[in-house]
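Engineer: Same order as they appear, the protein sequences are chains A and B. All letters in the first sequence, in the order written, are residues 526 to 869 by the working numbering. All letters in the second sequence, in the order written, are residues 526 to 869 by the working numbering.
Mixed in with the good hints, there may be bad ones.
Result set (DSSO-like, lysine-lysine): computed pairs, CA atoms no more than 27 angstroms apart in a straight line [to be verified]:
#, chain 1, residue 1, chain 2, residue 2
1, B, 667, B, 655
2, A, 667, B, 667
3, B, 655, B, 767
4, B, 855, B, 670
5, B, 668, A, 670
6, A, 670, A, 533
7, A, 668, A, 824
8, A, 670, B, 667
9, B, 817, B, 839
10, A, 655, A, 631
11, A, 767, B, 533
12, A, 817, A, 667
13, A, 667, B, 668
14, A, 668, B, 670
15, B, 670, B, 533
16, A, 817, A, 668
17, B, 670, A, 667
18, B, 667, B, 855
19, A, 723, A, 701
20, B, 667, A, 668
21, A, 668, B, 817
22, B, 767, A, 533
23, B, 655, A, 655
24, A, 667, A, 701
Everything labelled a hint here was simulated from the structure, so no lab data went into it.
Number of protein chains: 2
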Amino acid sequence: MERDLIAKIQRLAGVPIRDPSVLVSIGDDCAVVAPSPDCHLIITTDTLVESIHFDLDYFDPWHLGRKTAAVNLSDAGAMGGHPRWAFLNLAVRPGMTDRFWDSFSKGLLSRLSEYGVSLVGGDTVSAPNKLSLSLTLIGEVKKGKWLSRSRAQPDDLIYCSGNLGEAAAGLELLRKYKERRSPFKGRKGTGISRAVLKRLVNRHLDPEPRVTLGQALAANGMVQTAIDVSDGIATDLAHICKNSRVGAEVRAREMPVSRALERTSGILGISSLDLALTGGEDFELLWTVSQKNEPEVRKIAAKILGYRPFRIGKIVQGNRVILKTSQGTKDITYQGYEHYFRHF
Amino acid sequence: MERDLIAKIQRLAGVPIRDPSVLVSIGDDCAVVAPSPDCHLIITTDTLVESIHFDLDYFDPWHLGRKTAAVNLSDAGAMGGHPRWAFLNLAVRPGMTDRFWDSFSKGLLSRLSEYGVSLVGGDTVSAPNKLSLSLTLIGEVKKGKWLSRSRAQPDDLIYCSGNLGEAAAGLELLRKYKERRSPFKGRKGTGISRAVLKRLVNRHLDPEPRVTLGQALAANGMVQTAIDVSDGIATDLAHICKNSRVGAEVRAREMPVSRALERTSGILGISSLDLALTGGEDFELLWTVSQKNEPEVRKIAAKILGYRPFRIGKIVQGNRVILKTSQGTKDITYQGYEHYFRHF
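Extracted from the complex, chain A is given alone in its bound form (with noise of 0.2 angstroms):
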């Protein structure tokens, strides 16, 4: 069985890969390839687990391949880098299909190949009772022109590439729903549109890493500091207070809140600014920039996105991150989403 599947994972990654910086693919003791000159390496991981991550309930495999790829080219995309060749761990549990398998390395590699990503190495083991996904991705950004978690500072501003709670909604009423096969019909009674309900699911199911948005926002230099919100905003921004030593205020109103969110939160009887500030996944690019470079940055990261990125708050002197509201503030820092990935 294991043995087929790397077959089967050979030939859809199409080995020999045409990738001219690939010179040794599956099917040796390491992949061998080719970085360029004048480049420094980026390297992320990250692992999903069955039932912990995800549940084949109402993941199916092919989205569940692009979200391993996702969230990791997420990752590479916060340090604005290149992401360049994958290597898979799969452990596989007694009980999936050879369909199972072709669909995933399919949704996998349709996520890969929208970055030129090359999958070159990996390996396959058995596990007891629970299946385990992890990619390893090697990118390349030119020498000294990564984004880091580091470099924020007092007054700069704080942007978000898109709306943040989504995916979070999106998990709750797949949850909540359970239906693998079509989790995109509308629900009389409840009050969700389909195309709500679609959009929302198609969040948590299928994230659009911000790579191509931090890779400009990299190569242009007037941006330093950037993460992608995996653990929600209250939990990303505080990695960057740490990192940078310094504080930031967000206020509530300028949270980006989709109306599909506002509609849906009431249904699940969780307030939309919760899901924004706490709900994990999204996905989106969280920058900071200087007052100065503000209006140059805006332009690019709105040709980028073909909508305004969304201003929510600045960076301040302290360690803190605090919440504005009309009623006051709140110290929200690390409030996210306790979440079932430490990224590190």
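Given the coordinates of chain A, assemble chain B onto it according to the supplied hints.
Structural biologist: Frame of chain A; chain B shown alone:
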């Protein structure tokens, strides 16, 4: 717990890391490292899963950490590469103690540091009920100078860096006696001395990756084909044969079987030849060399190993791995331990 665990790993890994090639380590969206000019990158990744690859009844955490490193270091060695940066994926099940992770991390780092490898990233996730450990190693090799599985030629001689079958015997002994705290005691009545038990068990718990040897063979240029013995040479030689489109003949009487193995195999009720041919995880290096280059290469290997390497057979036309015994010949292609991991 997981945040504590990362802080612990970070502290033990010595972050900020002194290695000048490490520009961003644990604590950002990606690690950033500076590769050397004139090198290609080699990358390998392997996973160990509890109850499949190891059992905490007999595997102490320190050795588990060392082995997690060693299985990957061994692959880097088999390419003739210099491993440099490591990434760890931990799937942590309930019930693990701080002390366990402390010891595991120290073991892992002890093996990595022997080869100058810095641990610079990874992730931790919760696992429902079984521990899972993946390590990814990135290394370097002078441009074009790697060892592969695909350049063996008829009439090449096949060499092996050490005794075979001992790790498999060690595993049998561990499973039989399951003594985690003191697996090294002699057993009255079995006829196995403490020294023999310790030696065999240690081959399974703490295999020696042949990194320095692989590097020397690659640098010399007289060897181009190698593999590490993870699935038993019946299978690992078959990999070389498949990738190089050749066959191999090995002689039963030339198999490197130690006296320790001879003595123990009788007690275990498995023939020492079977253990040597099909037992996994010896992590010895297997290489092929032309007859012309043999004397020089043998000298280089002997200098590093401290003993003469073992010539076990030769490459021939065809596509099978054939065992020659005093009784005749036997096809042993892919007859290695149908192993529980498959590197790809």
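Engineer: Does each hint hold? Answer for all of them.
Structural biologist: Against the structure, the hints come out as follows:
no. : hint          : in the structure
1   : 667/B - 655/B : violated, 39 angstroms
2   : 667/A - 667/B : holds, 22 angstroms
3   : 655/B - 767/B : violated, 35 angstroms
4   : 855/B - 670/B : violated, 35 angstroms
5   : 668/B - 670/A : holds, 25 angstroms
6   : 670/A - 533/A : violated, 38 angstroms
7   : 668/A - 824/A : holds, 25 angstroms
8   : 670/A - 667/B : holds, 26 angstroms
9   : 817/B - 839/B : holds, 14 angstroms
10  : 655/A - 631/A : holds, 21 angstroms
11  : 767/A - 533/B : holds, 17 angstroms
12  : 817/A - 667/A : holds, 24 angstroms
13  : 667/A - 668/B : holds, 21 angstroms
14  : 668/A - 670/B : holds, 25 angstroms
15  : 670/B - 533/B : violated, 38 angstroms
16  : 817/A - 668/A : holds, 25 angstroms
17  : 670/B - 667/A : holds, 26 angstroms
18  : 667/B - 855/B : violated, 40 angstroms
19  : 723/A - 701/A : holds, 14 angstroms
20  : 667/B - 668/A : holds, 21 angstroms
21  : 668/A - 817/B : violated, 45 angstroms
22  : 767/B - 533/A : holds, 17 angstroms
23  : 655/B - 655/A : holds, 9 angstroms
24  : 667/A - 701/A : violated, 45 angstroms
Going through the hint list in order, the structure does not satisfy hints 1, 3, 4, 6, 15, 18, 21, 24.
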